[in-house]
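Work out the full structure: start from the sequences and follow the hints.
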Amino acid sequence: MVPALPQGRTARIAALAAHCDDLPIGAGGTLLTVCRARPGIRIDALVLSGGGSAREDEERAALAAFCPGADLRVTVLKLPDGRLPAHWDEAKEAVEDLRAAGDPDLVVGPWRGDAHQDHQGLAQLVTTAFRDHLTLGYEIAKWDGDLGRPSAYHPLSPEVAEAKADLLLEHYPSQRNKPWYDREAFLGLARLRGIECHTRYAEAFHVTKLTLDLSGE
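Under our numbering, think of the first position of the sequence shown as 1, with each following residue one higher.
Watch out, some of these pointers could steer you wrong.
[As the list claims (entries may be wrong)] Ranges of calculated distance between the beta carbons of each label pair, as one might list FRET restraints:
#1 Pro68 to Ala100: 26 to 32 angstroms
#2 Ser53 to Asp213: 40 to 46 angstroms
#3 Gly82 to Gly145: 17 to 23 angstroms
[What the hints assert, rightly or not] BS3-like mimics (lysine-lysine), calculated; alpha carbons at most 25 angstroms apart, straight line:
#4 Lys78 to Lys209
#5 Lys142 to Lys178
#6 Lys92 to Lys78
Note that these hints are calculated values from the structure, not bench results.
Just so you know, even glycine gets a beta-carbon here, dropped at the ideal spot from N, CA and C.
Written as structure tokens, this is what we have:
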């Protein structure tokens, strides 16, 4: 396993999502693990839709729970759900503004193979703004059946995997009536990804480009 964050200084993560709940579903266990291990880490979260609604309230409370002890900064915009291609300029400006705010050590966002047009569009924007950064593309199970073959894994302890499921059910009451939104789905995918990396549970990510330095200097 290769460490993705620097040692000896406060690290920064840029976390992006098209919708409220995308980040915790796709990378909630990883965020929870990192924030518990590195108090004070800076997390800049950008969510493109849900602003000004009850969904924004859910998102802010959820991210606070998933990022304990972090220097958490959350921006939730008001782009309409399912219409990112028609609001491309607004979305691109928001991503560029996040990039201009500082240089993150790690970027977390949707992956380009996601079948949802909002997720896929945001993934394309992330790669244009964060060209020289390690970027992890998270996955979200859905009707489209677009789960692929991820290239990176972050093992989750059983306690963290259980906590992730608990927090998702606790903080997003607006989603509980959806047939796919349940504890079995969250833990089931984590268990399958754990099998793939020889651990009990894991979150999986897609890495499009990775630069290695094996010089030892």
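Hints versus structure:
At roughly 28 angstroms, the beta carbons of Pro68 and Ala100 sit within the given window of 26 to 32 angstroms. In this structure, Ser53 and Asp213 meet the distance hint of 40 to 46 angstroms, their C-beta atoms being roughly 45 angstroms apart. About 18 angstroms separates the C-beta atoms of Gly82 and Gly145, a value consistent with the hinted range of 17 to 23 angstroms. A distance of roughly 31 angstroms separates the Cα atoms of Lys78 and Lys209; the hinted pair therefore is violated under the 25 angstroms criterion.
At most 25 angstroms may separate the alpha-carbon atoms for a hinted pair to count; Lys142 and Lys178 meet this at roughly 11 angstroms. The suggested pairing of Lys92 with Lys78 holds, with an alpha-carbon distance near 14 angstroms, which does not exceed 25 angstroms.
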